[in-house]
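Q: Take a look at the letters that make up each chain.
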Amino acid sequence: MASVVADNIVDFELPMVPLDLTKRRRIHWGRGLILWLAAAYFIIPIYAALKFSLQDISGKFSLSPITAIPSQPGLAAAFFLSMRLAFVTLAIVLFLMVPTMIYVHMKMPRFRRFMEVVTILPIVIPPIVLILGVLEAAPLWLKSSPYLLSLVYVVLAMPFVYRSLDSGLGALDVKTLVEAARSLGSGWISTIWRVLVPNLRSALLSATVLTLALVLGEFTMASLDLWETLPVWIVDFDQTNAHISTAVAMLSLLGTWALLTLIVSIDRSNSRRRRRNRAS
Amino acid sequence: MKIPSPLSDGTSTPSGVDDKDRGGRHITGTLVRSLRTSVPVLPFLAYITLGLLVPTLVIINLAFRSDRGALTLSNISTIVHGGEYLTGFENSIKLALATSIIPAVLGTMLAYAIAQSRFEFLKRLVATASGVLANFGGVNLAFMFVATFGANAIVTSWLARLGLNPWSHGFDLYKLWGVAFVYFYFQVPLMVLIITPALNGLRPAWREAAENLGASRWRYWRHVGVPVLMPSVLGSTFLLFGSGLSAYATTEALTGGTIAITPIQIGAYLQGNVISGEEHIGYALGFGMIVLLLISILGYVLLRARSSKWLQ
Chain Z
1 MASVVADNIV DFELPMVPLD LTKRRRIHWG RGLILWLAAA YFIIPIYAAL
51 KFSLQDISGK FSLSPITAIP SQPGLAAAFF LSMRLAFVTL AIVLFLMVPT
101 MIYVHMKMPR FRRFMEVVTI LPIVIPPIVL ILGVLEAAPL WLKSSPYLLS
151 LVYVVLAMPF VYRSLDSGLG ALDVKTLVEA ARSLGSGWIS TIWRVLVPNL
201 RSALLSATVL TLALVLGEFT MASLDLWETL PVWIVDFDQT NAHISTAVAM
251 LSLLGTWALL TLIVSIDRSN SRRRRRNRAS
Chain W
1 MKIPSPLSDG TSTPSGVDDK DRGGRHITGT LVRSLRTSVP VLPFLAYITL
51 GLLVPTLVII NLAFRSDRGA LTLSNISTIV HGGEYLTGFE NSIKLALATS
101 IIPAVLGTML AYAIAQSRFE FLKRLVATAS GVLANFGGVN LAFMFVATFG
151 ANAIVTSWLA RLGLNPWSHG FDLYKLWGVA FVYFYFQVPL MVLIITPALN
201 GLRPAWREAA ENLGASRWRY WRHVGVPVLM PSVLGSTFLL FGSGLSAYAT
251 TEALTGGTIA ITPIQIGAYL QGNVISGEEH IGYALGFGMI VLLLISILGY
301 VLLRARSSKW LQ
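So the sequence lines, in the order shown, correspond to chains Z and W.
All letters in the first sequence, in the order written, are residues 1 to 280 by our numbering.
All letters in the second sequence, in the order written, are residues 1 to 312 by our numbering.
Don't read these hints as lab results, they were simulated from the structure.
It is possible that part of the hints are untrue.
Unchecked claim - Ranges between beta-carbon positions, derived for each pair:
no., chain 1, residue 1, chain 2, residue 2, range
1, Z, 77, W, 151, 32 to 40 Å
2, Z, 59, W, 215, 54 to 62 Å
3, Z, 43, W, 204, 27 to 35 Å
4, Z, 43, W, 272, 35 to 43 Å
All residues carry an ideal CB built from backbone N, CA and C; glycine is no exception.
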């Protein structure tokens, strides 16, 4: 799994390098070529997979793989298992990281260096190795529950969550906000919930999306812990009908992509509106 | 709540910024206070310990144990003395090198092209695609590539019509280099994501200064651009190396575990395919991967520290 420090996936601000303000306004064929090649390289496999998933076994165009999806044995169970794992993971990781990070930003800034190194470690220890140790170390009652996976996914999600929260908090004046709220008589919980969380919205959104994408796509650990999550189902079912398997794989990929784009654009338009309000 | 003093000096305890104790008169008092300051981060530390440290230590411990529990080096020497496990490591390292160096170059070029482009739509498309593809990974990519470059798949048949069927020229999607080809699909986007902040640090002012001083494009890159970017690019390459080394899902879904690379061998071990007398070999394989990845992450951290000096 290639899920590494992509902290800026949602806030993927594209750099504005105003090179062309200089007198020569060249047309950069090289750059355009690279971009078109990259676009083709990203799109052609997606197109091919979509085409393949809209074929019946004889290779003719057909909608049957799509219409057959809901009735496939085990798919609904796998989907709901993945969703449950995703939400449990998300709840744990946010509950653990948000208060810790707020506290660290306010009171223990030096601890950030330590956290930065520690949250790289889940990348150092690959999932395949981590699950080996977890299955050996976990007590039996935990090993028999699918939520063991959620507990481990929290570790895998930490790099993203740490980085998006860290940059979100870095952009705020946390101390002033908290002191203002506290001196107006707000308790800690309502300070976090009503002052800091709304200000951290976009950081929290990106952490959420990344965590969900991670859990919904994770195959290594789930398959070796013998739970049939959505990706595990896709691989297993490939033996039965590759067209349906590919259709489900593409639906989950495009679904995540759409969700991500949607959340980014909602967030963008909101912050734009806020900026406009402030300006007027 | 105490109002934190902005004057807190550099000699305070490792954790407390609002530590008012100057001159270290009450060392125990300071210690107690700094411990009390750290209480809220204990849940985080406990989670990391249980979820990451303990499993890792268990692996390292078992890598040096015989089946009866005595300390031994035999697991390690089984790997080092040739055979399929050493081949696994060789293949893994080859795969990781190829899928880190080439995508690092391509990803940097692509990120630069995205940064400079004026086509908003194209930029947005490539940028969000990078985000999704770098993270979603694994199984879905394997399926996409079977449908694209499989023996009878779409692009294969396009190329075959041109007389360039890659399968008849030595290409095999289900062999090591076919797998490497699929890895590019998430390694290149990953590189784009990691390197973009560094490209942002490349100030237009530097280029304008160089141009005003009469530097050609080549000289600008030779003396300014490349030296500034180099630590970031190399550091990110280490990260891609780690990612390529540890990827399991893509290969497993694509080949069903027929390729001898270390993650697949660990997976086979966990699924119970164990030769008797080698019951702990899986842990030794895990230990070997941890060592390789520690080296690569060390390279990343060192180079990152160097590049962050310039890119602030």
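Q: Now look at each hint and say whether the structure bears it out.
A: So, going through the hints one by one against the coordinates:
| no. | hint | result |
| --- | --- | --- |
| 1 | Z:77 - W:151: 32 to 40 Å | 33 Å, holds |
| 2 | Z:59 - W:215: 54 to 62 Å | 58 Å, holds |
| 3 | Z:43 - W:204: 27 to 35 Å | 31 Å, holds |
| 4 | Z:43 - W:272: 35 to 43 Å | 41 Å, holds |
Hint compliance for this structure: no hint is broken.
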